[in-house]
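**Student:** Work out the full structure, taking the sequences as your base and the hints as a guide.
Sequential numbering of the sequence shown, starting at 1, is according to full-length UniProt numbering.
Fair warning: there could be bad hints in the mix.
Unchecked claim - Within a straight-line C-alpha distance of at most 25 Å, the following computed SDA-like cross-link-like pairs (lysine to any residue) qualify:
# : residue 1 : residue 2
1 : K152      : S116
2 : K303      : M1
3 : K241      : L344
4 : K152      : S140
5 : K165      : G79
6 : K12       : G420
Keep in mind that the hints were calculated from the coordinates and are not lab data.
As the structure is a prediction and not an experimental result, all values here were calculated from the model.
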Amino acid sequence: MAAVIDRVSSSKPSVSFRRLPRIQDPPTVVHDAKFLVRYLDLVSRYHQHLHDLLASMPPGSVHALVVDVLSIDVLDVTGKLGIPVYTFFPVSASVLAACVQVSSIRVQVDGGQQSSLQGLGDTPLLLHGVPPVPASHLSSEMLEHPSSEAYKAIMNMMRRIQEAKGILVNTFASLEHRAVEALSDPRCLPTMPSLYCVGPLVAEHGEATERHECLAWLDEQPEHSVVFLCFGSVGTGNHSKAQLKEIANGLEKSGHRFLWVVRAPPHDDDPGKPLDPRADTDLDAILPEGFLDRTHGRGLVVKLWAPQVDVLHHRATGAFVTHCGWNSVLEGITAGVPMICWPLYAEQKMNMVLMVVEYGVGVEMVGWKQGLVKAEEVEAKIRLVMESEEGEKLRAQVMAQKEAAAMAWKDDGSSRAAFGEFLLDTQAT
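**Tutor:** Next comes the structure, spelled out in structure tokens:
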């Protein structure tokens with residue numbers, strides 16, 4: 001975080017930072033089943049510090065406060081100070097449309113009885129503005145019993161965003177026109193605040209002061225010849241040893257060049273032990289024997305992290321195997337790279353449906369549903385994207401979306417106009 005603050009401060013002198021004091025004895029937040037509840041508890045403990053900061057500023061100097069949707073409860077703070085709040089929704093408008101309709105879906109399904117949606121399994125949910133989504137593809141919190149802390153937390157967020165002055169969404173209108181229209185429809189939510197589609201908000205490529213070694217390797221590869229595999233930046237992207245071996249065998253059998261970001265697998269001998277997403281690993285111990293030698297030259301395995309945006313924008317990259325996190329989806333689209341969709345958690349299953357059905361920029365790796373994607377499917381999906389006519393159609397479609405994304409932030413683009421409208425609205429309050 002310090003590096004990000006330094007970079008923004010040096011490049012954008014009009015942006016200043018205020019640090020809230022650290023709270024005493026902060027709770028430990030790890031990526032497990034109770035992550036959301038613990039995280040919200042952590043955020044709430046900073047409310048008094050935020051109040052003190054805002055109250056210390058000159059009257060009228062704060063026109064508005066923009067907060068991430070996970071911090072929407074700061075409405076309790078700003079309400080006392082008369083400061084309007086706008087919330088930033090970092091994922092898709094389609095996910096937002098689905099989330100605000102969940103409570104009504106449950107009423108339709110069980111007549112208001114206290115049961116979860118988990119029992120619906122893969123039953124398609126028909127939602128305004130969203131393609132049919134299997135109930136099982138909702139986030140795990142939404143599938144919990146209505147009495148659970150996680151379910152209540154999600155529903156509280158969806159209720160409280162209606163109290164905000166507006167919602168900034170990391171998307172562009174032409175990508176999600178159906179969802180955007182639905183969110184202004186009273187059937188979706190009768191009291192929806194103003195919606196501003198201000199995306200795609202993605203990191204600039206080529207910003208790093210030091211060039212990662214994997215980019216030099218990509219420089220030596222032919223155009224659109226490399227399959228890039230990366231599954232996010234948190235521990236949920238750490239595959240099991242069995243899955244890593246299936247991926248390796250599939251890559252080897254495909255015959256295609258690849259750049260693969262690998263993390264240490266979970267503790268198979270102690271599943272309850274917290275996972276360190278940054279733990280180093282012995283590649284020879286977790287990959288098939290001789291794999292690194294046999295694929296030397298046409299494949300590169302990188303531990304822990306690679307500069308994803310730079311890799312996606314490199315001319316050599318021809319396909320992207322992704323966990324379907326929304327940032328990764330937008331980064332793939334803005335780079336014009338067709339995607340192989342392998343969702344892992346949170347809203348990623350819904351994103352996968354959007355990518356395959358709605359946007360036409362990806363193909364599904366269906367084995368994720370069984371908990372183990374076999375080498376044969378890894379090979380087949382890579383060949384489909386890299387060799388087939390269907391793959392060419394995917395590439396053409398994602399290139400069209402790339403152009404649309406670029407247009408959104410041009411002088412007369414929809415996202416630039418939406419952001420300008422947001423700024424005018426904050427000045428009017």
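**Student:** Evaluate each hint against the coordinates.
**Tutor:** Hints, one by one, checked against the model:
no.	hint	result
1	K152 to S116	holds, 12 Å
2	K303 to M1	holds, 21 Å
3	K241 to L344	holds, 16 Å
4	K152 to S140	holds, 12 Å
5	K165 to G79	holds, 12 Å
6	K12 to G420	holds, 18 Å
Checked against the numbered hints above, the structure violates none of them.
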